[in-house]
Amino acid sequence: MSLTRRRFLGWIGAAGASTVLGRNADASSTVHFKGYPDSFAILHDISLCVGCRACETACNKVNELPPPDLPFKDLTVLNQKRRTTAKTFTVVNRFENEKNPKQPIFVKKQCNHCLEPACASACFVKAFKKTPEGAVSYDHSVCVGCRYCMVACPFEIPAYEYDNAFSPRVMKCTMCHPRLLEGKLPGCVEACPKEAISFGKRREILNIARERIKKHPERYIDHIYGETEMGGTSWMYITGAPFSQLGMREDLGITPAPELTSGALGAVPIVVGLWPVLLTGIYAISQRKEKVSAEEQALAVAEAVEKSEAAAKQKLTGELEKARKDAQKDKDSAIKQAVKKALDEAASVKQEASDV
Amino acid sequence: MGKVRSLLIKSIIPVAIVIVSIWGIGAYGSQSQPQEGDQKHADVIMIDMLKAFGKLERPGVEFLHDNHTKALEKTKKDCAACHLTEKDRLSLKFLRLKDDSKKQVMELYHSRCIECHKQIASAGEKAGPVECGGCHKEKPGVISIRQPMGFDKSLHFRHTKAHENKCETCHHEYDEKTKKLFHAKEKEGSCRYCHKEVTEENRISDRLASHIACIDCHRKTIAAGKKAGPFQCSGCHDPEQQAMIEKVKDVPRIKRNQPDAVLIKTSKDPIQPEARMNFTPFDHKAHEGYMDTCRVCHHEDLNACNKCHTLTGTKESKGVTLDRSMHQANAVESCKGCHDLKKADVKCAGCHSFIDRTIKEEHACLKCHIKPLQQTTEPIPKSEEPLMAKALLDSRSPVTAPFSEQMLKDIPEKVVIKALAQQYEPAEFPHRKIAQTLLKNIGDNKLAGNFHPDQMTICQGCHHNSPVSIKPPKCQSCHNKPFNENNPLAPGLLGAYHQQCMGCHKAMGMEKPVGCMECHKEKK
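First to last, the sequence lines map onto chains A and B.
Quick note: the first sequence uses the working numbering, first residue 1, plus one each step.
Quick note: the second sequence uses the working numbering, first residue 1, plus one each step.
Because the hints were derived from the structure by calculation, they are not lab data.
Heads up, a few of these hints could be off.
[Stated by the list, open to error] Calculated lysine-lysine pairs in the DSS-like style (CA-CA distance at most 27 Å, straight line):
#1 Lys73(A) / Lys523(B)
#2 Lys76(B) / Lys87(B)
#3 Lys347(B) / Lys99(A)
#4 Lys214(A) / Lys118(B)
#5 Lys307(B) / Lys285(B)
#6 Lys512(B) / Lys81(A)
#7 Lys196(B) / Lys318(B)
#8 Lys180(B) / Lys196(B)
#9 Lys61(A) / Lys418(B)
#10 Lys347(B) / Lys102(A)
#11 Lys118(B) / Lys87(B)
[Claimed, not checked] Beyond 10 Å from chain B on every Cβ pair, some chain A residues (computed):
#12 Arg147
#13 Ala165
#14 Arg212
#15 Thr255
#16 Pro258
#17 Glu290
#18 Ala300
#19 Gln314
We put the beta carbon where it would ideally sit given N, CA and C, even for glycine.
Using the sequences plus the hints, can you model the full thing?
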């Protein structure tokens, strides 16, 4: 069967219609997910952080990560901006303090555990899951290593074990989910000597943040980073310096990543599940159509042949008849002529005989 | 042939895209402000007065005034080379008294500037530009570091001394009837009260007023061979030169018949016996000493606060009521605002940076709203108010008491903190020394003395949220496990120690300790 332009457009049209229908079904939901009601959250009070790296040390220990190149007590690593890697789930970075150059600002960076994680929405095997405790967990057993999560994360957090050839994993802060289930505090929170990171239920953490800003308006900017960013996160930050000066994106908006992608990604199950059926159906219909028309054509041809044959036969018979009639006529006239000629000859002979 | 052409087009398109994007980035980058290292000047005057006649055809001209005065000095010319004289004073305009028309002003600048530049150039000297783009530049060529100038008490005193207390030399009022300036004795105020930012009716802007008056006087004084202030731009407006202006240490009080002490009242009327709130006595004389200018508090004029700031606010006060005008947080014009700002002093910030300023303590009200010394049944005549205010002020003793012998014995000399004893040697905290230092820091500060006359208030800086006591609760009593649901704002013990110690050191501008080891000795 050859693919015609018209047929191809027909398929695309049908596929488009199915996608649109699917999206409408999703968008009809008016529920805004505000996070699990009793989930935990962590507040990083940047104004309190002294950059001692005790959190990094504790994180390395509780997650049994390989030792770093330079010891944790070596604060020269703060001279450059670092990001999280497969071997470091959290890093502290130092930033210039424009207001008071003598007192630099330290910011801890790790997975922010979004309420509606972009990584989870990008993952087509559902390796990422927002747990009711607040942590965004990762299931290595289902991961196919596509690393879409790394592309999706607006905070550039997930890292990949590139040096692990056989079973590489996506690595990121777990919010110490196993420890939370045991009733323990996350490693970094427990280790922070300044309590620059506070742990609690998300709504209580938000209250603490608001209270601190209210009490000391001269010390803080009136904004809780993570309260609404990307639809809200379970790690939140307050600071005295603008977040944009601390390497934190302020252009993320308040829409959770899944909401941005649900239209397109919500169509995936439909595309994956329904399209084969649909396309097979279209194919079957077109196949059947062809078969029917072929049959009809054959029938028509047969009929036509029959008809023409009959006509030919009839014509032939007519002509034969005519020919026979003509022949008969010829024959009769020839006989008549011969008879006449013979009669004429006989009469002339009779005349001659009488004359003689 | 066709194949070659399509190949050519295909290769040109990406190249074109790259070129366009590079050009675009370049164009974007070139719009930036002048880079560092560019020349910094305090004497930049933007010649763009043609704006008054409509849109400028070319960008305005950055004119460096001091460069021109210096160049004129070399050719033995003076201000008259560029400025005309009007009523015995130099006009600030260039070779004209007023702007008649666009054409007149433009031609004046073009002909006279270029003419002079050409003359100097022909003499072989370095001269200014003569082509259009030389003066009318699209991009700023210099950075203006001009700082506004103003009188402080010291500069005012030096002027009054030099002019033998003749206030009328500078201060004047305008008489509507005679349409003349006159001097109103003891009504003098800041120039800015009348001369506003822009010229209004017959009142010239403060910029014009100060340049006409100051420079003219300085110039004439110098011409008379006497010592006078600067008349070059940088002399007043260059931050470096501003810092070099001579300061008189103990400035005598300005004589303008101002009160020594006043009662802050809700209206001008005499005090009635049924008045509910205690009147606040205000030590005007002392505050004159604390401030650099009268303008800090008297921001619009030298009248009593309640003239504009009434109980309900007026149009003149922009709706700011008397209550707000006295208690507005962080406003330097208001009593409470200014006192709050004083708490940011490194000597005070150690304790005060931890104190929640939003809490209103009842007993603090009575520190200003002092209880009357005697109840009266008759209205108090206005003439008695200053005496009453003085008596109320004298009834206070704004001094923080020193620690007594017994207290010094009771205050532990050292406190050994063993909270991190597993990792480090116990930390030794020089408790008594710190208490004494904090008390010493208060010194004879009357503000601190008035608000915490009790020496034990100092202890409250750390031993907060519990009544004053020689044996306050231990830190652990409240600060134990972190993230206590009953008191989510209280840090745990580790957080409390570190936040309090390091927070105080930071607020007091102390550079030590650096690192953990200065408090926590390594465990042997």
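Reported absence of Ala300(A) from the contact zone with chain B (all CB gaps over 10 Å): The claim stands: Ala300(A) keeps its Cβ more than 10 Å from every Cβ of chain B (closest is about 47 Å).
Minimum Cβ distance from Thr255(A) to chain B greater than 10 Å, as the annotation requires: holds (29 Å)
Straight-line alpha-carbon gap Lys73(A) to Lys523(B), limit 27 Å: holds (16 Å)
Restraint status (C-alpha distance of Lys347(B) to Lys99(A) at most 27 Å): holds (20 Å)
Closest CB of chain B to the CB of Pro258(A) still more than 10 Å away: Given that every Cβ of chain B is farther than 10 Å from that of Pro258(A), nearest at about 30 Å, it holds.
Pairwise hint evaluation, Lys81(A) against Lys512(B), where the allowed Cα distance is 27 Å at most: Holds. Lys512(B) to Lys81(A) sits at ~26 Å (cutoff 27 Å).
27 Å Cα cutoff - pair Lys76(B), Lys87(B): At roughly 24 Å apart (the allowed maximum being 27 Å), Lys87(B) and Lys76(B) satisfy the hint.
Hint consistency between Lys214(A) and Lys118(B) [alpha-carbon to alpha-carbon, up to 27 Å]: Violated, at roughly 65 Å.
Consistency of the no-contact label for Ala165(A), given chain B and a CB cut of 10 Å: holds (37 Å)
Outside-interface status for Arg212(A) - nearest CB in chain B farther than 10 Å: violated (8 Å)
Distance rule for Glu290(A), whose beta carbon must clear each one in chain B by more than 10 Å: The assertion about Glu290(A) holds, with a minimum of 39 Å to chain B.
Hint consistency between Lys347(B) and Lys102(A) [alpha-carbon to alpha-carbon, up to 27 Å]: holds (18 Å)
In summary, the numbered hints that this structure violates are 4, 11 and 14.
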